[in-house]
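In the order they appear, the protein sequences are chains A and B. Note that my numbering has the first sequence beginning at 1, numbered continuously upward. Note that my numbering has the second sequence beginning at 1001, numbered continuously upward.
Hints were generated in silico from the structure; no laboratory data involved. Think of the CB as a built atom: it goes at the ideal place given N, C-alpha and C, for glycine as much as any other residue. Please note: incorrect hints may appear among the correct ones.
Some chain A residues flagged as far from chain B (calculated, every beta-carbon gap over 12 Å) [as the list claims (entries may be wrong)]:
#1 27
#2 52
#3 77
#4 91
#5 139
#6 238
#7 279
The calculated label-pair distances, taken between Cβ atoms and stated as ranges, are [said to hold, decoys possible]:
#8 A:355 <-> B:1123: 35 to 41 Å
#9 A:160 <-> B:1070: 54 to 60 Å
#10 B:1070 <-> A:25: 20 to 26 Å
#11 B:1001 <-> A:212: 22 to 28 Å
#12 B:1070 <-> A:23: 44 to 50 Å
#13 B:1116 <-> A:44: 51 to 57 Å
#14 B:1130 <-> A:233: 31 to 37 Å
#15 A:336 <-> B:1124: 47 to 53 Å
#16 B:1123 <-> A:164: 31 to 37 Å
#17 B:1179 <-> A:153: 57 to 63 Å
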Amino acid sequence: MTALTMTARPAEDASLRPVPWRRMAWVTWRQHRIALTGVAVFLGACAIYVWINGLQLHHAYAAAAACHPAASPACSALSSGFHVGAFLLNGYNLQAVPALIGAFAGAPLLARELETGTFRYAWTQGFGRSRWTLAKLVPLAVLLAAAAGALSVLLSWYYQPSFAPRNPALFPLPMSTFAATLFDLRGIAFAAWTLAAFAIGALAGMLIRRVVPAIAATLAAYAGLAFAAALYLRPHYLTPLVTRNVFRYFLSPPGSDYVVRQWWTKGGTTLSQSTTDQVINSTFTRMMPVAHSSREGAVAALKQPTNVHVFHYLTQHGYTQWTSYQPPSRFWPFQWIEGGWLFALSVLLIAATIWLVRRRAA
Amino acid sequence: MNVVEASGLGKRYGSTWALRECSLTIPAGHVAALVGPNGAGKTTLLNLAVGLAAPSAGAVTVLGGRPAGSLAALDGIAFVAQDTPLYKNLSAADLLHLTSNLNRRFDQHYARARLAELGIPLKKKAGKLSGGQHAQLALTLALARRPRLLVLDEPVAMLDPIARHDFMATVLTAMADDGVSVLLSSHVLAELERVADYLILLARGRVQVACEVDDLLASHRMLTGPAAEAGKYAQWPVVHLRSGEAQAHLLVRAGADDPVAPGWEAHPVGLEELALAYLREPGAAALPGPARSRHADVSEVTK
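Based on the provided sequences and hints, a complete structural model is requested.
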């Protein structure tokens, strides 16, 4: 049937050196170039959008900051221009970027092989399946993290006006350096979160072995981790500083301290929240009996500068207000801490994925 | 050299043993056929041999003692899995390049010449090939690696008769030209008769028969005689008894020289017939090796 003959078999290499790593570079590129192109287009589109909005934002900020007198109607009109980029300004939308990269680049990586059965081909080649997995995960993780890092440089520039010194009459809402939805878009955190999302996706794909459920699981796991980090971990990266009787509700300047907790004491004992409310409420009612009668109204009114004398009254009568906070100078230490543990987590997840590939086949 | 050596090999999924106490030696230079009903553990055994699955018990080595799944083992084994999975979105040329990058050896010249001969365009995506072409492409990728052992899991189950014939012809040519040993699983018994010279029968996760086909055929006979006297052979190693009104057919383990009782006739058996008889009697076993001759028993019967 066939006239084809094979050339003589090459002599067996006694040392049996493994297939060189660089050969996997082509394989990884050829198999994931579409995903990588997709990520590049997605991040590119984000970058263009941020760039255009950022120019407007910076322009509006410069105009508003230069306006005198600040309280004039003309200046108020300028400050509304500052909100042009409100879609991005709060940072919520951009939180999805690392999650989407992790879900659509990370989760299908192994899940598709397992779902379509091609792992039976890939993992029986001479390269070896642990090395195959490593040679795919690591370069892709590095590339994606680098691309996200590039975008976060742009984001850091975009959000500069949010943290710059402001005219309080124009921008009454202070922006903390540690604002939950902005902290992880700047510095090294954005790249680290993207890396973690990719690692979560890869592991989810290996565990679940199906593309669509793995994508869903990745999004869910990432959201859970991001919420937990913002709510429970980030405030405690370093022991908060504690100060007393500063009434930070209204004295805190923009871009400044991140208040972790506030509480009152009297004579060395900490007051419970309900006692505190009660004391403030009764003091308030005694001092301004007409203005407010409800508890909610009283507590809310404490945030108004006109009510500062209520605090003074309380402190003169043996009460002390304590505030634990993170100063803005800790921004970079916090970035390194967050980047560090996310990097460690990613390494751990990738190692677990490779371990599973070794163990849990077929 | 033995291409596969298993000792006490077992694989458990949850609480079910897919393969149990499998001890097996397959010498090099054969086309070894792994036969058994669905769920007998064929795919499990092959997955263990190529290192896709890890044993729950025992051990398996390949190509003269290389641990299954090790880099040294993968280097010498090419595996074509059931339904021949390949990346559907890659062209044949890309798959050649991919496979050559993933292995120390890859005979591009052979692979391209074979695809040309088969009429498989290099630019066509694997997902657009016909079933037969797809299987041939997977086989070509495997053979171009110049393996010493080719492992095929149900390679022809999905193919039409012509594609099936062409596929097996490619395997046999490679075996003749390159001395590659072959281990294939199949339940297409008719196909095996033509290609296999070593037979492994699996039933319910255990090895029933593991033997060279020639020895196996030489050591089994089909006896035909009066149904009423079928009981006489009760103490013989009867593999399978098929009894009608008047006549009974017994597949027994006996050589050509073994005497036969008066009124009975002995015929040689074919591989398909023999495999079928064993498959119908999962309890019967011909291990290890061919049966010893049973002159003593036969003389008793002839009295």
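Hints, verified against the model:
With 12 Å as the threshold on Cβ separation, the claim that residue 27 (chain A) sits away from chain B is violated: the shortest Cβ distance comes to roughly 5 Å. With 12 Å as the threshold on Cβ separation, the claim that residue 52 (chain A) sits away from chain B holds: the shortest Cβ distance comes to roughly 35 Å. Distance check on residue 77 (chain A): its Cβ is at least 56 Å (rounded) from any Cβ of chain B, clearing the 12 Å threshold; non-interface status holds. No beta-carbon of chain B comes within 12 Å of the beta-carbon of residue 91 (chain A); the shortest separation is about 37 Å.
Remark: the non-interface label on residue 139 (chain A) is consistent with the geometry, its nearest Cβ contact in chain B lying 14 Å away (cut-off 12 Å). Distance to chain B confirms residue 238 (chain A) as a non-interface residue, since its nearest Cβ pair spans about 45 Å, more than 12 Å. Distance to chain B confirms residue 279 (chain A) as a non-interface residue, since its nearest Cβ pair spans about 63 Å, more than 12 Å. One distance hint, 35 to 41 Å for the beta-carbon pair residue 355 (chain A) and residue 1123 (chain B), holds here, with the actual separation near 39 Å.
Distance hint for residue 160 (chain A) and residue 1070 (chain B): a CB-CB separation of about 56 Å, consistent with the stated range 54 to 60 Å. Taking 20 to 26 Å as the suggested C-beta distance range, the pair residue 1070 (chain B) and residue 25 (chain A) conforms, at roughly 24 Å. A C-beta distance of roughly 46 Å is found between residue 1001 (chain B) and residue 212 (chain A), which places it outside the suggested range of 22 to 28 Å. The given range of 44 to 50 Å is broken by residue 1070 (chain B) and residue 23 (chain A), whose C-beta atoms sit roughly 19 Å from each other.
Evaluation of the 51 to 57 Å hint for residue 1116 (chain B) and residue 44 (chain A) yields a failure: the beta carbon distance comes to about 42 Å. The beta-carbon spacing between residue 1130 (chain B) and residue 233 (chain A), approximately 56 Å, falls outside the hinted interval of 31 to 37 Å. For the hinted restraint 47 to 53 Å between residue 336 (chain A) and residue 1124 (chain B), the CB-CB distance of approximately 52 Å keeps it satisfied. A hinted range of 31 to 37 Å is violated for the C-beta pair residue 1123 (chain B) and residue 164 (chain A), which are about 57 Å apart.
Separation of residue 1179 (chain B) from residue 153 (chain A) is about 60 Å and conforms to the stated range, judged on CB atoms against 57 to 63 Å.
Of the hints listed earlier, those the structure fails to meet are numbers 1, 11, 12, 13, 14 and 16, in rising order.
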